[in-house]
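*Asks:* Take a look at the letters that make up each chain.
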Amino acid sequence: MKKLRLIVQLIFTIFTNGYAYGFLNGKIYQGSFKYACVPGLNCYSCPGAIASCPIGALQALLNQRGFKIPFGALGFFFIFGSIFGRFVCGWLCPFGLVQDLLHKIPFPNKRKRLPMHNILKYGKYAVLIFLVCIGSMILFGGFAKIPAFCKYLCPSGTLFGAIPLISANESLRSQIGGLFFWKLGILFFILILSIKVYRPFCQYLCPLGAIYGWFNRFSLVQIYHEKEQCISCMACEKACPVALSLSEISTSPECIRCGRCVAACGKGCLHFSGRGNFVIEKVEKNPDIR
Amino acid sequence: MHFWKSNRRFAWLWGTLIGITFIGIGIMQNQFALIWRKAVMICMECIGIG
Chain A
-3 MKKLRLIVQL
7 IFTIFTNGYA
17 YGFLNGKIYQ
27 GSFKYACVPG
37 LNCYSCPGAI
47 ASCPIGALQA
57 LLNQRGFKIP
67 FGALGFFFIF
77 GSIFGRFVCG
87 WLCPFGLVQD
97 LLHKIPFPNK
107 RKRLPMHNIL
117 KYGKYAVLIF
127 LVCIGSMILF
137 GGFAKIPAFC
147 KYLCPSGTLF
157 GAIPLISANE
167 SLRSQIGGLF
177 FWKLGILFFI
187 LILSIKVYRP
197 FCQYLCPLGA
207 IYGWFNRFSL
217 VQIYHEKEQC
227 ISCMACEKAC
237 PVALSLSEIS
247 TSPECIRCGR
257 CVAACGKGCL
267 HFSGRGNFVI
277 EKVEKNPDIR
Chain B
863 MHFWKSNRRF
873 AWLWGTLIGI
883 TFIGIGIMQN
893 QFALIWRKAV
903 MICMECIGIG
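Taken in order, these protein sequences are the chains called A and B. Using my numbering, the first residue of the first sequence is number -3, and each one after it goes up by one. Using my numbering, the first residue of the second sequence is number 863, and each one after it goes up by one.
Since the hints were derived computationally from the structure, they do not count as laboratory data. It cannot be assumed that every hint is accurate.
[What the hints assert, rightly or not] Here are the in silico distance ranges between beta carbons for each label pair:
hint : chain 1 : residue 1 : chain 2 : residue 2 : range
1    : B       : Leu879    : A       : Gly173    : 43 to 49 angstroms
2    : B       : Ile882    : A       : Phe184    : 37 to 43 angstroms
3    : A       : Lys(-2)   : B       : Leu875    : 38 to 44 angstroms
4    : A       : Ile10     : B       : Gln891    : 43 to 49 angstroms
Beta carbons are placed, not taken as given, at the ideal position from N, Cα and C, and that holds for glycine.
Please model the entire structure based on the sequences and the hints provided.
*Replies:* Written as structure tokens, this is what we have:
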């Protein structure tokens, strides 16, 4: 399962960032695919990006003069969210892949969560409300509204957009200022933290995760638990990289459907399925199994 | 309430249909042209310059 997920993540990242010409010349793709959004956090200023970033698209629509409901971006969220939920985060997000790879680096006392997780996990909702939505509607740069999340926080934009573009484009390199170093600092902080903590950006800051998490309860793709075969060994809970209990797996907004619980289950009573809503009942650990 | 409970299993389908409807409205309001215009130019804010 781990290998399969890595292969899917790599193929999807290469496929959605496959415009090699852009990397070589410091330019970005300008074709018609950019009318559509990819499901994961993938900066549209990445030289290889062949489609748009859903959070970038949402902010672009909120940056319009006056207020209009951003139906275009919301449509993508509803479709991807209703079908996949946070499966997108676990399997299809390029920045999630980067954090997964960094977490493989050996480091003492690795953690699944940060201290005060139960408070910090709401950070992603705060980012969504205050930076992506309110920030984009009221913050002004000159005479235009600005995409506040992209400008002040998004590490994906720095990693996939800024670094390759600035490396290959001299005129952009000459315009670097304090803001670039602020974003570079955020990127490095998150990348270094990813070595110790599992996916800190996804767990605490990603507005896309906050949106897809809402769909987890009823999305088509779910992880099913067959209670009849379960011996309550709780191997699934031990394997969960975000420390969820069995009753939270799949339906919790924090579950990224990485499938480690499915792979860890010796009895095969957890499996991916596409049958719509299913809530796992609470299961207590079997005291006979250590 | 009864309708929701009996159709909960297919909530994803309702969500998908709402998504398709929203995209339709977005197309009618020309929102995708705006997304495209933003996406085909280097976003200076995204790369930390603007």
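*Asks:* Now tell me, hint by hint, if it's right for this structure.
*Replies:* How the hints compare with the structure:
Restraint check, Leu879(B) to Gly173(A): a C-beta distance of roughly 46 angstroms satisfies the suggested window 43 to 49 angstroms. A hinted range of 37 to 43 angstroms holds for the C-beta pair Ile882(B) and Phe184(A), which are about 40 angstroms apart. Distance hint check for Lys(-2)(A) and Leu875(B): the Cβ-Cβ separation is about 31 angstroms, which falls outside the suggested range of 38 to 44 angstroms. Between Ile10(A) and Gln891(B) the Cβ separation comes to about 34 angstroms, which falls outside the hinted range of 43 to 49 angstroms.
Figure legend: structure checked against the earlier numbered hints; hints not met, in rising order: 3 and 4.
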